[in-house]
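Student: Dock chain B against the given chain A, drawing on the hints supplied.
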Amino acid sequence: MRAILTFLAALVASAQAQTVTYSQDIAPILYANCSACHRPGQVAPFSLLSYNDALTHGKTIAATVQSRYMPPWKPEPGWVPFRDERRLTDAQIALIQKWVDQGMPQGDPSTAPAPPSFADDWQLGTPDLILEMPEGFNIPPDGPDIYRNFAIPTGVTDDKWVRAIELRPSARPVVHHALFYSDTGGAALALDGQDGQPGFPGLGTVFTAQTDPFNALTGGLGGWVPGTTPEFLPPGIAMALPANSALLIQMHFHPNGMPQTEKSRIGIYFGPKPDRDLTQLQAPAFFGIRANIDIPAGDADYKVRGSFTLPVDVDAVSVGAHAHYLGKSAKLTATLPTGEVKILLWIKQWDFSWQDQYIFKDLLFLPKGTRLDGEYTYDNSAGNLRNPFYPPKEVKWGENSTDEMGSLILNVLAHQQSDLGALRVATVAYLLSSVPQVGNKPLFVSSGVVDGASTQPGTVTPGKIVVLYGERVGPANLTSAQVGSDGRVASNLGGTQVLFDGNPAPLLYTSSGQIGVIVPYEVDGHLGTQVQVKTASGASDPVGLPVAQNAPSIFSADYSGSGQGAVLNQDGTINSFKNPAAKGSVVSIFATGEGQTLPGGIDGKLSTAGNLPIPAAPVSVTINGEKADVLYAGASAGQVAGVLQVNARIPADTPFGDIPVVVQVGGAQSQPGITVAVQ
Amino acid sequence: MKILIGLVLVTSVWGQDRVSTSVAVKDIHGVVEKPFDASGKKAAMVFFITDDCPISNRYAREIHKICDAYAGSAKCTLDYIDADLTPAKVEKHMLDYGHGNYPAVIDGKQVLVKAAGATVTPEVAVIAPDGSLAYRGRIDNMWASWGQSRREATEFDLRNALDAVIAGKPVALPRTKAVGCYITPAELLGQGK
Chain A
0 MRAILTFLAA LVASAQAQTV TYSQDIAPIL YANCSACHRP GQVAPFSLLS
50 YNDALTHGKT IAATVQSRYM PPWKPEPGWV PFRDERRLTD AQIALIQKWV
100 DQGMPQGDPS TAPAPPSFAD DWQLGTPDLI LEMPEGFNIP PDGPDIYRNF
150 AIPTGVTDDK WVRAIELRPS ARPVVHHALF YSDTGGAALA LDGQDGQPGF
200 PGLGTVFTAQ TDPFNALTGG LGGWVPGTTP EFLPPGIAMA LPANSALLIQ
250 MHFHPNGMPQ TEKSRIGIYF GPKPDRDLTQ LQAPAFFGIR ANIDIPAGDA
300 DYKVRGSFTL PVDVDAVSVG AHAHYLGKSA KLTATLPTGE VKILLWIKQW
350 DFSWQDQYIF KDLLFLPKGT RLDGEYTYDN SAGNLRNPFY PPKEVKWGEN
400 STDEMGSLIL NVLAHQQSDL GALRVATVAY LLSSVPQVGN KPLFVSSGVV
450 DGASTQPGTV TPGKIVVLYG ERVGPANLTS AQVGSDGRVA SNLGGTQVLF
500 DGNPAPLLYT SSGQIGVIVP YEVDGHLGTQ VQVKTASGAS DPVGLPVAQN
550 APSIFSADYS GSGQGAVLNQ DGTINSFKNP AAKGSVVSIF ATGEGQTLPG
600 GIDGKLSTAG NLPIPAAPVS VTINGEKADV LYAGASAGQV AGVLQVNARI
650 PADTPFGDIP VVVQVGGAQS QPGITVAVQ
Chain B
0 MKILIGLVLV TSVWGQDRVS TSVAVKDIHG VVEKPFDASG KKAAMVFFIT
50 DDCPISNRYA REIHKICDAY AGSAKCTLDY IDADLTPAKV EKHMLDYGHG
100 NYPAVIDGKQ VLVKAAGATV TPEVAVIAPD GSLAYRGRID NMWASWGQSR
150 REATEFDLRN ALDAVIAGKP VALPRTKAVG CYITPAELLG QGK
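Protein chains in written order, with numbering that gives the first Met the number 0: chain A, 0 to 678; chain B, 0 to 192.
Here chain A stands alone, though its shape is the one from the complex:
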């Protein structure tokens, strides 16, 4: 009994030593990331400005940040940095969870930061021009989201240059986002009010606005998303508002259970004529109008790709994406003439509710000859909750909300203003050209190339084992690897080849929807790689992937990419919770992505004892966060080049259970969530 009490007391003491309190730990996170929307009169349904606020909603906060539903920020992190990223770190998310688990203590209120204060009036000072919707628009309490467009005459009689627009909705609880355009030809103004209510309906505003050639070229006047502080565009950059235009606003309303009336006020801030004009690039062009968007009913992974090569040097200012309800993922990749591949925007779970324009932290220089690839996938299955049709129907390109469209949008300045004409001519030519039909050729998108161990898309390394998912990429029947008399895994299998910068990759298996591939060592030193699948029916378009020197990932026992790792105990048996490894024993961990080896990797070569290449970069292992002795790191005898075996000793004080294990090669760490069973 005494032992139990002592044990309990020790547990309590250790928990208290790491107590997370609202005042010290949680308030700063909420105030910096949440309160801008979670305060009275804003779009969020409850405030997060006090301990009591957080306490009342604590478990909801923990769960919504864990799933990254909140704060709303769709782009994948870690590629090109954006301004004002609204994203919590993994550590902040864990801290919030810990606080909830501990019962949400307040801590010492005198140490809490003061809640943030926000300007009630125009955030950027008095606007140069204030417009107001002439009449209020009624939003019902229930029902699906509403997209409504409003055209407001500006009274502006000479060309103006806009540095910022602030929207002040009257019905903040239901206004989800807004996009601004100039209506130079009066088409939108003519439509406004035609159905008896202010404005006119539809997601097709962009169509109406963009058929105005001016908007098609310049890209409009930005947008508004709740919770962001309006900011001026960087100095020297401004959006064009031509003389005698109306302001066209597309607003997205999300009913909240109570009838509302929206009568927006808009503040516009002008600046001097900028030295360089903004141009909008889209890939595919014009929201995919000629990109063969024709989505069969039930297709959960319909792929659309469009490519545009820059005719001149540009500086990219901001990036965005647009589609309708079936949009699933969006990605814009740039392949520079050096071969470097940059990911400019990557949204894995596209959500039409959170459409934002993401401004790069710094102007991004892209040289002439850079190829922009815009990729969209769509889910037209019954599994897509937002599908307008149940049961699903064929959906084609169109401007109604139940049609589809899609493009990745990049707003740029010509690096030299004198190149503006050439840039715009190329944009128009691209708009008028059709994306060639794919026909029977292989088709895949860059997110479809995933790490064979972690199952995550991203960078590739020389020798990495990856899985390529696509359509018509291989033979109907699963075909397994073949090893030639030279002891190398064949790179031509079942009529399929996968080329990385023209180098054929060893193939572990092929089938029509999925190929197991080992990235050739020839990409070593490349800043990016262009991947093509070739079959008897033809070659796919080249797909750009970033290349890293090292990006290790540990295989998992169940192929899920996390959980129990693919590990052998010292006696050669498979490590599992039923067959754990003893502390102090040596385990063999199997991984991939170590990069180049010494001697240099030979594509597809099966290693033999006495000829076991080792990674060129240093390898270390942590088990439970503690450095573990590495007795061996290199090729696994009899295995194909690209499989890394790491023999590490489990530290003597490792606790029992499923213990986190991480392999580091060079500066890169393997994926979180892999464990080894320890007894």
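Fair warning: there could be bad hints in the mix.
What the hints assert, rightly or not - Under the rule of at most 30 Å between Cα atoms (straight-line distance), these lysine-lysine pairs were calculated in the DSBU-like manner:
| id | chain 1 | residue 1 | chain 2 | residue 2 |
| --- | --- | --- | --- | --- |
| 1 | B | Lys176 | A | Lys58 |
| 2 | B | Lys108 | A | Lys58 |
| 3 | A | Lys58 | A | Lys347 |
| 4 | B | Lys40 | B | Lys176 |
| 5 | B | Lys108 | A | Lys262 |
| 6 | B | Lys88 | A | Lys58 |
| 7 | A | Lys97 | B | Lys176 |
In short, the hints are calculated from the structure, not lab data.
Tutor: Leaving out everything else, chain B in the frame of chain A:
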């Protein structure tokens, strides 16, 4: 300590499958109500709601529709789980969001919440006249998770449960997972006051 643990265990077991129909609370007008008592009807419904959960608010009109549709056979009570609410605030909320003129209770100490085992808003409990907890969970399957709602519900779990209880038949799906805003337990809410 041991006795307290025992009591907690007993009440939690009690709360899972049965409730006491005699539990009495005052509604926002000071009238004593017994929300779990079907009072001669075939079922008693208690809706666990609040005023600042977006999913709970979106269900207000549907709750009203269901209470109206089943008014002949089932009793309806609205259980506001937030102790910071006042009768005036609740009245305004019911009006603004179309909750309908059904008895409303401010369950600050979460007596009804705990007895029925509710964990989120909105969530509903259907109690048979004998006090058995015939159904607890979501109203329908409109919401898959936060930010993920269908255009229309396709499974109407509450209505199905009510139909079964009223017909004297077993409920096919007696427990479902409600999607909404978690209810912070009353004992934690006492901190900082």
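Student: Evaluate each hint against the coordinates.
Tutor: How the hints compare with the structure:
Between lysine 176 of chain B and lysine 58 of chain A the alpha-carbon distance is near 16 Å, which keeps this suggested pair within the 30 Å criterion. With a C-alpha separation of about 18 Å, the suggested pair lysine 108 of chain B and lysine 58 of chain A falls inside the 30 Å cut-off, and the hint holds. Under the criterion of a C-alpha separation no larger than 30 Å, the hint pairing lysine 58 of chain A with lysine 347 of chain A is consistent with the structure, at around 26 Å. For the given pair, lysine 40 of chain B sits about 26 Å from lysine 176 of chain B by alpha-carbon distance, which is consistent with the 30 Å threshold.
Taken as a hint, the lysine 108 of chain B and lysine 262 of chain A pair is broken in the structure, with Cα atoms around 41 Å apart against an allowance of 30 Å. Proposed proximity of lysine 88 of chain B and lysine 58 of chain A is supported: the alpha carbons are some 24 Å apart, at most 30 Å. Under the criterion of a C-alpha separation no larger than 30 Å, the hint pairing lysine 97 of chain A with lysine 176 of chain B is consistent with the structure, at around 24 Å.
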